[in-house]
Structures are given as C-alpha cells and as structure tokens.
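Student: The chain contents come next:
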Amino acid sequence: MIHGTGGARLKNPMAYHLQLGNSSWSFRDLKTLMAKATPLRSGDQLAGVAALSMEERVAAQMRLAEVPLQTLLDEPLIPPEQDEVTRLILETHDTEAFRIVSHLTVGEFREWLLDYETDSDILTQVAPGITPEMAAAVSKVMSNQDLILAASKMRVVTKFRNTVGLPGRLSVRLQPNHPTDDPQGIAASILDGLLYACGDAVIGINPATDNPAACASLMRLMDRIIQEYEIPTQSCVLTHVTTTMQCMERGEPVDLVFQSIAGTEGANASFGVTLNLLREAREMALALGRGTVGDNVMYFETGQGSALSANAHHNVDQQTLEARAYAVAREFQPLLVNTVVGFIGPEYLYDGKQIIRAGLEDHFCGKLLGVPMGCDICYTNHAEADQDDMDVLLTLLGVAGCNFIMGVPGADDIMLNYQSTSFHDSHYLRQVLGKKPAPEFEGWLKKMQIFSEENRLRQIASSHALLQAPEAALPAHGNR
Amino acid sequence: MGTADSWPHLRTHTAARIALGRAGASLPTTPLLDFKLAHARAKDAVLTHFDPELLAAQLRPLDPGLLIVESEAQDRATYLQRPDYGRRLSAESAEMLSSRAAMPGPDLVILVSDGLSTTAVMTQALPVLAALLPMFREAGWTLAPLLVVKHGRVAIQDQAGALLHARLSLILLGERPGLGSPDSLGAYFTYNPVPGRSDAERNCVSNIRPQGLEPALAARKLFHLLSASRHLKLSGVNLKDDEPLLGGGAVPGLT
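The listed protein sequences derive, respectively, from chains A and B. Every position in the first sequence, counted from 1, becomes a number in our numbering once 15 is added. Every position in the second sequence, counted from 1, becomes a number in our numbering once 3 is added.
Rather than coming from a laboratory, the hints here were simulated on the basis of the structure. Heads up, the beta-carbon is just placed ideally off N, CA and C, and yes, glycines get one too. Hints are not guaranteed to be accurate.
Said to hold, decoys possible - Here are the in silico distance ranges between beta carbons for each label pair:
(1) B:D87 x A:Q464: 54 to 60 Å
(2) B:A133 x A:E96: 38 to 44 Å
(3) B:G199 x A:E96: 22 to 28 Å
(4) A:V407 x B:V197: 43 to 49 Å
(5) B:A97 x A:G287: 33 to 39 Å
To be verified - Heads up, simulated SDA-like pairs for lysine to any residue below, C-alpha to C-alpha not over 20 Å straight-line:
(6) B:K39 x A:K461
(7) A:K174 x A:Q160
(8) B:K39 x A:R170
(9) B:K39 x A:V407
(10) B:K46 x A:K450
(11) A:K461 x B:A59
(12) A:K174 x A:R305
(13) B:K46 x A:R305
(14) A:K451 x A:R170
(15) A:K368 x B:T81
(16) A:K368 x B:A80
(17) A:K368 x B:Q84
(18) B:K39 x A:D366
(19) A:K174 x A:Q348
Unchecked claim - Reference listing, derived: stretches of chain A covered by chain B, where coverage requires no fewer than 3 residues with Cβ under 8 Å from a Cβ of chain B:
(20) 197–205
(21) 352–365
(22) 389–402
(23) 470–482
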C-alpha cells in the first residue's frame, strides 16, 4: 500500500521547460509549474505564485499535461518531513488502485476521465489511488465542461440516518443561523426550511459562540425537533471539534462532528486541529452509535485560500492545497464535505467567474478522491459577484451531480453576513434537473404532506403538525 | 399568482428571510426585489468613494489636532484585492508619524478608517468617538492625535501604534457589510502594538450601529475593555469579556 519512499525523491527537484515557437518557458520545479498552470485567481496573485502572463499560464498547462502521474507521486510539493498531510497522502496511497492509471500523463488522464468507457464503477475503484496533487494537476488542464462531465460520472454515497449522494438525488443542508443563537429564532428558520422540504443533508447551525453550554442547548433543540417529528436526518452544531468533544463527554446528543480543515499541517494548526485530534473525535462519535442506516459521522468544511490566510501555504497554489484538504477529509469517511467557495473574499477569489471555476474544481477534485462533496455556493458583498452568478454555479453543480447544497432562508445568512443558496433555490434545481431529496427524507416529506406524490410543495395549512405547536420543540416549553 | 406561507407569525422570532411565500416553488416578485435592494445597498456601502477629508471635517471638532494618513492601497480595487497593502502605511504617512513620535508615547492612539463600508464609518464613527473621547480624557489618558486612515485594514493599527510608541492602539472601521447591515462598524484594539501581532492578540467589538450595538453603548464597552487591557497589560484571547458574543476574535475578511 505504501508508495513513494523518501529515497526515491530527487534532492534537487527537476526544472520543467517548454519551447513555444520563439518563446522558451522554464518552471523551476513542479510546484511552480502547478501554480503557473492554475486558471487566474486573486489568491495566487496575492501569494506571488500566479503566472505573470496569459501565455505563461497556457505554456505551464501544456508542460503540465506532459507530466506523468507517477511524477506527482514521486515529487511531493510539500516535503513529508515538514507536513503530516503529505505523510498521510503518501502512507495511505493505494498502489493497486493507482495501477489503473499509473501509465498516464496528466493530459492523458484528462482524456481517460472523459472516455465513454470510464464509468462510475471504475472511478470508484481508482479513487484510493489518486492523490490530491494528481486531481489538482488534471483539473488545471480541464475546461469547466470537462470538470462537470467527469464529476457527473462519480458517485460517492454516504449514510447516517439517511442516504446522501445517490444518483438523481440532491440533498440540502438546512442552515438556520441566528446572530445571537436565539433558540426561537433558530427554530423558526428550521421549521421554515422543513416546510420547504429542506434539511436532508443535515440541519446544521453555525453558532455565534464556541461556548460548550450554548452549543449543547442548540444540539438539544435540534435533537428534540428530529425526535418529535421523526425526521430521518441528522443534526450538527458547527463548532470547534474540541467543543463537540466536550459536549460528547457530557452526554449531549451529537450526531455529526464538524471541523474546518485545510491542506497543510500548518493551516490545520491555525484551526487548532491535528489528524490525531480528528481521529479521536471520530472514535468518540462512532461510539455513540446514533446513526441508523450508516456510520459516516464527520462533517468537514474547506475553502480555497485558507492556507495562505494562515500563512501556511508553502508557496503552493491555493487550488492544489484545497485538494489536499480532501485527502484529510477522505481519511475520516465523512457524511458530508463542502467547500465554502466564495466566503473567504475577493482577495482569494475576486469575482463570479473565479468563484464559479473554483466551485467546479473543488467538487471535481473531491469526488475524484472519493469524498462526498457538496458546495456552499456563496459570495460576500465585497466580491464582484451577485445572486445571478450563484444561479450559474448552482445549475452547473447540479448538472455535475453535487451531493448537497446549502439552504439558507432567502439565501441571506444573518449571522455570517454572506449570501448562499436558499430553500427556493433547491426547488429550482430539483425542477430543472428532475432531482429528488434523499430517499428516506423524501418518504418523510410525503408522509408529512409537505410533498405531493409528484414531489411538488403542497399548500401548508396553519393546522399542519409542524405548525401546531412549534413551541413544543423549544426549550422554554420543552416536553422532554 | 403566488402562494403565501401560513407561518408569517414565526417572523417575530428572527430577522431571517422566512415565510417568503412562493410562485410555484420560486421566490415571489416582492421578496426577490427586496433581496436585490438589500444587496444593492450593501454593494454601495463597499464601493462608495471614501473621502478622508469629509470624515476629518466631521471629527475635527472632537480633536483639532487630527491627522490624515493613508495605507499603501492607492484605490479601492487594490484595497479589496491586496489586504497586505491595507495593513501598511504608505512611506510618506509612516515618515510623518515617525517625525511626530515622542518618548514617552501616549497611552492610546485611535485610528478611523473606511474598511469595507464607507457608509458605516461615515455614520457611526462620530457618535462613537463623541462618547468615547471624553471618557478617556476624564480618566486622564494621554491620547495621540486622532488618525483618519484612507483604505486601512485592522493590522495597520499595529504599525501606527508602534511608530507613535503608544501603549494601546484602537481602530474603528467599516465591517464587511451584510445584506441587513450595510452600516456596521467594527472596533479592534491591541496592547503594545507592534507589526506582526496576530489576530489572537487583538480584541474586537463588532456590529456597532443603531440596530445592533448602539454607538454610545459601544463606547462604554470599549472604554471598559481598554481600561482592563491597560491595567492587565495584555489584549487578545486572554482578555475575557464577561458579556457573551462581544469578546476576542476577528471578523473574517477584515483583518
């Protein structure tokens, strides 16, 4: 299983050259070649690793297309001695799975991915043999439509109380945030989301504070609602992993353990996590045995630019680092992983065009590695983007087979101050692409008279069970 | 044509956009356009030209010795893409501050900048400072001249504070605007400011606006926190705020 020992690497990394007519291009090493081959984005310019001209970028892509996949294994961009993520990637690499594509160059790998004969089964088989660097490299020579087509063939199915990622399905994380974590305010948004048929990926709250007692009360609130209405879904408070661990020790109802992760040891350290800490948290959650149809207990969020933001990027481009975060995720068999693609701001992804490209790359790279990818299709008000750009990315990711998206009331997160996708957006996508919710959740929606037999929203009477006594689900009037 | 939702009463519990109704399953026209209006206002807050002279004219009655300085970001587009430029004073401004440095330095330097919302700084800075400056003066603090900073980010407070040998550095600047809060001001301070301070060494009071943390209340809170910081000789995560939601930590995108 273990491949790529230290002795096989060159002391002085090889430089890469390309002659284009009268222009001669040189790239000092593999990480420079990868960075220069990356489609334009502000974060790589900020880091000083981006190509300096359009021609240099394409020259780098042409040269990268000739690089054998084996080289990406033999020349780690970040030395294993310096970084536990690199060690994880090398130590868990499945040589047997890699054999399927080990003879290919990056450019040939692109063609292999697009070939008629390359189907879901073979992509599932090859996934453990793919490293993040291979995924990132091939994505850099792929067009947007390539990223969509290849990803649409990939299936990553995960389970906890329902099944996420099946073909023809699209799940939604219900995101009911409130600026002061007010339980009634949060419950109001949860009910709104459920009545709009959302929440099958997870009901997930970003708390305003990391205080364990406050997080525990949110966990209990969601647990009461899920039990009261027998909803086949899972809950999560997106607080720091150590806070969730404290809550688990105190016997609080923890379904999924959340953590933000990144692609280098240093960036993870800035988040206050190590691989061992994540391992420990996962073991604790597994021991609770709260899943009914499966035991994928982790939920991770990522996003291009986080490593540079933490000054832990090793001069590697931000898209490659993002793909490395998926290798971290893969190790812990998560239920859900999503890139929060436009949250970080215009200094990393400047405008709608860059956000759209990054969202497609992240989804493709995650799926290629075997990670259950969703996407927080989003932007901030200081980025050059608007809701129309999100409509475009939403549509493209729907076609690409994205496992789940966010459902934020009216697309406006009043706690995190950014715009994402709404409950209504999920219905747009389900209508135009004929997508359904997770099967267990779909059954519940019909049982609760929220969905018609044709999966259309029904008119909800004010006597509906969810509206009868919403206070019953709230702490002040709790009946448990 | 649209279908109204039967749970409008839930809106009393949250400012979130719930019970919007639907046309088919899509947004009705009114909430669609309401959203666009809010986004337009937030974009205007970010993109509105910031004239430091206009802000200086507002604030000069509070401090006739006020100075205008600038970061290395020459224009708003550069400012948005290069946070590192916004964290450094221009060479000229840095030199100007060095030339005014004296030993011992003042207890506090206060900076005011447009940040990510010109609207916020133009509306909230005056009421905050009108309440805050008298508190410091009454308590006998020595204050450096008020600095109006063009296109500054939070960390520029460290360089300015270090150049003036100030014990504490406080910056007020426009926060990244949300749809419902295009006019929100943030305040950050560091004890013993020197370039390279991390965000964990800073304290933050955010959401300063009439519908959030009222400016006069924010001023009292800042005075209390800065006094504690001066007394304990530290700032950041180890300086605990006894009230929830207003303590250490930074708002993403600002620093």
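Student: For the pair supplied as a hint, K368 (chain A) and A80 (chain B), is the alpha-carbon distance within the 20 Å limit?
Tutor: 17 Å, holds
Student: Assess, step by step, whether the Cα of K451 (chain A) is no farther than 20 Å from the Cα of R170 (chain A), and give holds or violated.
Tutor: It holds: about 16 Å lies between the C-alpha atoms, which stays within 20 Å.
Student: So does G199 (chain B) sit 22 to 28 Å from E96 (chain A), Cβ to Cβ?
Tutor: 27 Å, holds
Student: Could you grab the alpha-carbon distance between K368 (chain A) and Q84 (chain B) and see if it respects the 20 Å cut-off?
Tutor: 15 Å, holds
Student: Does R305 (chain A) sit within 20 Å of K174 (chain A), going by the straight-line distance between their CA atoms?
Tutor: 12 Å, holds
Student: Tell me whether the statement that chain B covers the segment 197–205 of chain A is true, taking a Cβ distance below 8 Å and needing three residues at minimum.
Tutor: holds (count 7)
Student: Are at least 3 residues of the segment 389–402 of chain A within less than 8 Å of chain B when you compare beta carbons?
Tutor: holds (count 5)
Student: Could you see if the CB distance from V407 (chain A) to V197 (chain B) stays within 43 to 49 Å?
Tutor: 45 Å, holds
Student: Between the alpha carbons of K39 (chain B) and R170 (chain A), is the straight-line distance 20 Å or under?
Tutor: 36 Å, violated
Student: Hey, K174 (chain A) versus Q348 (chain A), does the alpha-carbon distance stay inside 20 Å?
Tutor: Distance ~10 Å between K174 (chain A) and Q348 (chain A) Cα, so the pair holds.
Student: For the segment 352–365 of chain A, does the count of residues with a C-beta closer than 8 Å to a C-beta of chain B reach 3?
Tutor: holds (count 6)
Student: Would you check the hint for K46 (chain B) and R305 (chain A), treating anything up to 20 Å between C-alpha atoms as holding?
Tutor: 44 Å, violated
The structure does not agree with the numbered hints 2, 6, 7, 8, 10, 11 and 13 stated previously, though it agrees with the rest.
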